[in-house]
Amino acid sequence: MPINPSSHLKRLENESIQIIREVAAECRNPVMLYSIGKDSAVMLHLALKAFYPSKPPFPLLHVDTTWKFREMISFRDTIAEKYGLELIVHTNEEGVRQGINPFDHGSSNYTHVMKTETLKAALTEHGFDAAFGGARRDEEKSRAKERVFSFRTSSHSWDPKNQRPELWNNYNARVKPGESIRAFPLSNWTELDIWQYILAEEIDIVPLYLAARRPVVNRGGLLIMVDDERFRLEPGEQIDEKMVRFRTLGCYPLTAAIESEATTLPEVVREMLIARTSERHGRLIDHDDAASMEKKKRDGYF
Amino acid sequence: MNINPDIKAEDFAEYISSQEDKGLLRFLTCGSVDDGKSTLIGRLLFDTKLIFEDQLSALERDSKRHGTVGEEMDLALLVDGLEAEREQGITIDVAYRFFATDKRKFIVADTPGHEQYTRNMATGASTADLAVLLVDARKGILTQTKRHAFIASLLGVRHVVLALNKIDLVDYSQERFEEVRAEFDQFAESFDFDSAVAIPLSARFGDNVTQRSDKLSWFNGPTLLEHLETVEAEKEEEGGPFRLPVQWVNRPNLNFRGFSGTVTGGPMRVGDEIVVANSGKTTVVDKLVTMDGELSEAPSGQAVTVTLKDEIDISRGDVLAPANNRPDVSDQFASHVIWMSEQPMYPGRPYLLKIAGRTVSAQVTEIKHKIDVNTFKHLAGKQLELNEIAFCNVALSHPVAFDPYEANKETGSFILIDRMSNETVAAGMVWFGLRRATNVHRQALDINKAERASLKNQRPALLWFTGLSGSGKSTIANALELKLSERAKHTYVLDGDNIRHGLNKDLGFTEADRVENIRRVAETAKLFVDAGLITLVSFISPFRSERQLARSLVEAGEFYEIHVDTPLEDCAKRDPKGLYAKAKAGEIQNFTGIDSPYEAPENPEIRVSTVGRTPEDIADEIIDRLEENGVLERALEWHI
Chain V
4 MPINPSSHLK RLENESIQII REVAAECRNP VMLYSIGKDS AVMLHLALKA FYPSKPPFPL
64 LHVDTTWKFR EMISFRDTIA EKYGLELIVH TNEEGVRQGI NPFDHGSSNY THVMKTETLK
124 AALTEHGFDA AFGGARRDEE KSRAKERVFS FRTSSHSWDP KNQRPELWNN YNARVKPGES
184 IRAFPLSNWT ELDIWQYILA EEIDIVPLYL AARRPVVNRG GLLIMVDDER FRLEPGEQID
244 EKMVRFRTLG CYPLTAAIES EATTLPEVVR EMLIARTSER HGRLIDHDDA ASMEKKKRDG
304 YF
Chain X
7 MNINPDIKAE DFAEYISSQE DKGLLRFLTC GSVDDGKSTL IGRLLFDTKL IFEDQLSALE
67 RDSKRHGTVG EEMDLALLVD GLEAEREQGI TIDVAYRFFA TDKRKFIVAD TPGHEQYTRN
127 MATGASTADL AVLLVDARKG ILTQTKRHAF IASLLGVRHV VLALNKIDLV DYSQERFEEV
187 RAEFDQFAES FDFDSAVAIP LSARFGDNVT QRSDKLSWFN GPTLLEHLET VEAEKEEEGG
247 PFRLPVQWVN RPNLNFRGFS GTVTGGPMRV GDEIVVANSG KTTVVDKLVT MDGELSEAPS
307 GQAVTVTLKD EIDISRGDVL APANNRPDVS DQFASHVIWM SEQPMYPGRP YLLKIAGRTV
367 SAQVTEIKHK IDVNTFKHLA GKQLELNEIA FCNVALSHPV AFDPYEANKE TGSFILIDRM
427 SNETVAAGMV WFGLRRATNV HRQALDINKA ERASLKNQRP ALLWFTGLSG SGKSTIANAL
487 ELKLSERAKH TYVLDGDNIR HGLNKDLGFT EADRVENIRR VAETAKLFVD AGLITLVSFI
547 SPFRSERQLA RSLVEAGEFY EIHVDTPLED CAKRDPKGLY AKAKAGEIQN FTGIDSPYEA
607 PENPEIRVST VGRTPEDIAD EIIDRLEENG VLERALEWHI
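Residue numbers (the numbering used here), protein chains in the order written: chain V, 4 to 305; chain X, 7 to 646.
Just so you know, these hints were derived from the structure itself, not from any lab.
Only a predicted model underlies this, so the values are computations on that prediction, with no experimental measurement involved.
Using N, Cα and C, we set each Cβ at its ideal position, and we do this for glycine too.
With beta-carbon atoms standing in for the labels, derived distance ranges:
1. X/E492 with V/E128: 52 to 62 Å
2. V/E182 with X/A340: 32 to 42 Å
3. X/T516 with V/K179: 23 to 33 Å
4. X/D40 with V/R216: 54 to 64 Å
5. X/S196 with V/K85: 54 to 64 Å
6. X/S321 with V/E128: 29 to 39 Å
7. V/E89 with X/N484: 51 to 61 Å
8. V/G224 with X/S321: 51 to 61 Å
9. V/E89 with X/T516: 50 to 60 Å
10. X/L392 with V/D107: 47 to 57 Å
Excised from the complex, chain X in its bound form (with noise of 0.2 Å):
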């Protein structure tokens, strides 16, 4: 934005209030490298005089260095960002830029097009209005256009505009733009965007992106900023019902207790009669407060603090919504899921999901289909790879209220963190419930666990061995079972190699089947400490987040995570199955410790070294223990 510096001071402070009236748009470009999507936000920067003469003088001597247009200014250079990427000539993450007219105020999302970074095009496009899709007038329609097309739409952008850059390169001919727009207008059709619009420029040489060009008379249409000024981008979500995921339980005093989060979906107004969607408990809402004042009514997106007619319990992840329309309820729906880790995932691992400020734990259970993101042909698979996108079943922990993304973007929406590294791994798009919560009630017994344990004179425990193949498991849980079934203990052994030969049969070695082996050990020896049973399971369970799921499963103090620490020299050398032999020799694949990893554990419950002892020996430790922690009594007492 520029101004006449001849402006009067009185027009002036009009102007100024005038301006801070702007709507804002927020934008996401998508294309390659060679599309000249950098030149072409560097000539909207550029035109839209927000680039200042320092940063001007910067440049030119940038480009010297790095230039790829000769002795032009290359506008890309002003918003390729980080050094690395300068030198590469390649924008590899997200950035966002900044510019305004006197109409509006923009955010650009500049991200890049290749297909191995769809995760930064999904962030981009995660909180866009509206995508520009670049395409070389050259070119034409390529298979990314469709697939930026695609992930625009998967994400819930509205709007979508075909921008056909270096129309230069084709002697700006209409006929070539006709064609090109054609093709557009047929594919964009599948789409059921709002908006989809073409417009042909030449961001090198500002041809209609700012202004009309001669060589271009023959558009009728905007130019590229005319239509980013005046497209209709308000969300239309706003018209729906409000959802107020709650952020913060604001406490300053035992006089007021009010609940702090921002409006989404549509306007919360005084005296409407809400439920809070967990506990279906409902009220009325009383006062909406601001610094600025109380609200009759606060429409979507303001932040505020609601207060309430009735004291009910409600916490930080509590979604509030008018009681006659309220959000669904489960710990299970289906959704897409944009994969973003190099770590693959697979089904049954379990990852933290946040939604709405809300934080459970869920597993992928099934992966229905994966989508090519070129062709949008559904494919079967095992797992996901990092950029992949799947339409997959998820199960949490516990119910959370959500909204399809469809209807609600913030309720609808969710990432998955991994565990151990905290690593943002996925993003999440609700489809829908599935009512697995409220069709398939959990069948309720008349006797439960603490009888059962009562029954048989014991504390039910998971003990859990952990360690590398041939390190003495096996052995050991043998021995220490012995010594328990002496006292009188009801115990079972579930051993890695028995359960394959039966319940895990159909698994083979692979990573995924790896986790999938675990996991139903792990809901097997849940089912048996739910018995009363003192469990002992035998697994060398190389990853700690199957280890961290079986944990998840049981109560807590009932799980005991006992690492068989013994080298992998020492290991190889005994060798009791012959095995560490054949996977030397390349005859075994995924041999955990030679070609697949071990995850020892880091704050195991009991750790013991086994070279130069006896199996009775270290049973007798592990008893110790346990009597310390008192799932055992005193060997002495019991003794009487």
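With the rest of the complex left out, here is chain V (with noise of 0.2 Å):
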């Protein structure tokens, strides 16, 4: 089902092509950081669309906690196979040796260890001048400022006091060795506009976020998935079977599932219409703090 020329969402895939063409055009050595949600999903599928009948001009990058749901993983593999795309990925081994896990050392910690830390550790060690994120800006308060062309210092970090004024589309891409930038073409999206998108498009998605019947733990009012036996059941806990699907994907231990009969994608978005309780709620490391989520950009966090 082609989109309306005039439409909104053909407006923002115009838009997001422009932004994925510009970045492969000024910068050196730019990578796509590829989480394997759907934003990262609608984000390839993008990049797939702005360099046809050529191959995306860059790598994807996954940054592999070791926690991610296994249905995550082969996802991903069987993607960058589909579109014979390169795919770095890269593990915090050092984090790994010293067993730094989501259910000891807090998600705050372990976030900072295994994805922030680990994130720096690769764009530094290939080298990359730009590195595409998915974010939106409807997703958080501290995001609604953020540029399409985010300028991180060599530390990866983010001065929300010191960004490059964004004008146009006429974006400034200039670095000096060691600095990058980070790159958010799905900007103006909203999470609305992601899934009619997907749908519009046809776009493969991992089925977690289809309802189905699977394993989960109740912990503080959130349902967990237990996705493999390094799960640990705390005292009174019990595994229930239940229909469930995820709104947002991550690490299974910190991504809280909802109950839901939406087994089919045109379901998932009549449910999240008359939804009455947004996406962020699921991704436990939001909840640490008010301003968390500007915080944790400012150290590197995407």
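Take each chain as given, in its own frame, and dock them per the hints.
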């Protein structure tokens, strides 16, 4: 079902393609951060469109904490193979050796070591001067002021007080050695736009977004899926089979499911439209502190 | 947007597909903290039901800590993003918000209104179709309202709404509304907007924002939301001639050569005869390729990959256009410039200019006039400060293709980037091209630099001595010239003090004058190099960007930056002209190293230290380096 050329989805698509091409043209060594979620799926789809009939002229990078859902990993590998894309998987081996995990080390500490620091190390190691991220401005208040081309210092930090003015679609991608740009082609998309686009373009997404019977534990009111034997039950907790789906995907012990009967995409969108709970509610890491996302971003989290 | 949960599945499928065809309106809101701007946006978000439950509960928590409206929910807290701003109670950056109704998706640029945030407002306006000017009903139209209208107009926003907020605080008075509207109509007329509508409302209580209110029954116009949903904001330019700035050359294999970019201005069609604006080469559009299939026509805004009938040389930054309706191509134009950096702009200082995907070196050659954003009066000016707007002549290192901003925002707008910090320092809107490039032809001369140099049996070079006053630049340059002369080299020394007695005697020591001082010397040195001379320049030249300018004027390999690296204490101790003593006594202002900065070269070709050495010794060291680089023949060979 082709998108109407005058619709808002087409305008968003065109804008994103322009951004993706601009990064590829201006930056020496860009990379696309691929988190396997629905936003990444849309971003990758737009990148395929931007360079067709060429392949995207940059690799994908996945920061694997080793705690992702198993279905995410197999989906990731299938997609990379399907489109013949270079996939770089980076894991903090030192963190793995030290046994850093989301159960013992707290979500904030764990995320810092296994995601934020690992991402920075990967960017430094490969010398990437630009990294695409799938973040949207509507996700969270501190992101509302994020630039499309977001400048990062050589220590990968973000200074909200010192961002480059960004006018029209004329982006400044100039950096000195060691500095980099985070580019956000989905800046102006909302969650609803993402779902509508996935529907209209028939984009493959991880089946975890659709409801199915899955083993879950009710922890503090949040349903956490037991994806492998590493999951530790607290006293009194039990595993139940429930019809659940995920609104966002991350590390399985930190990603809450919602009960749902939506087994098809249109049903998911329908549920979303009548939902009264916003998306990031399911991500435990945002609950640490009211301004937590802003702090994480300053540290270099996407 | 919200839908009835009882809706049937089959109706739902239809509903979803209807939702894919919404239009999109981008608007900005301008007003100051007290006008209730954040409250208005919070109200739009709240009423359009995009505020989900958990955001609401977080809001109730936050309201108790930062809120300014007592026990009621403070809608403004929904939108004031960054931590520091929330605590100060002000919005200091451009924030983007999103909401949707059944008719349109909206992207709101929320910008602060104070004069010191002109750059933020300009940023928000650059992508907006419409501007909401927020006015406090008690205060009426203020200087800032006119400023906001002016900036919106300057950035090409075609539609404005005067939102007369806090109408509840003037008892929903029709008389007050009519009074303000009359004033608004009068001043809006001078800006020639496509539409300018006044709407009374109360953001705090929700009157006439998304819903009509009994208290405003006298008002026959639309609610703010109704107006935003229905205003005809399609770009006028979509019916004009197309432009395709080439972003990326698409070459997957030897059989495919396409040019990727976004069409702007009007539709591009297969079979169109096109021109590559810069080279003037023409050909015909063969295919318009997308991953969704080939198009016969690509409307304005469409991202495409174009293939052409003929193989002609095209690269990133070239602009494709209809052969019978071409953009201007020039290396000079007149434009409005909004200065966005804490560092002032000085005419003559080189910056990078990025326009339609092409980056060239550029300088403002002349500030025709500055514009007072409050009174719109034209003012004279020698430099531009943060948030100042001016009408300027801009000169570029290479000709570029462009249109007047009024005709095409994409090909008529540019940014300036600082060469050293890489900051975006200005935004510009082209007014018209200056025909220097076409009407003032460079005189082509029969004897060129190479021939002049070969007659002199030498390679011309520009040896640029920089360093603090008293560092020994002129003494070393003098010793070096003597040695070059012994080798029968033709030389000339341009010395700071001597030039200031003649060519530059009209210049003082402010930053702006120092920039101009160096620019003239650099241009003069360029002519001397062109004459085949080994040219020695001995100037403090404290700023990196001016030395960069000098470097850019001559060919690669001709420029030698020589940093005479004498510590400040030693210069002050030597004080050959007694200047340090005077500067310290406050008798001289803007003295480099005392109350004016010296930006030391980061990677000079040659750096010499002077303490404990003779000028001859140092001159020999420089000669060695020039021999290594092939500017001078090895002394041995020369003696044979």
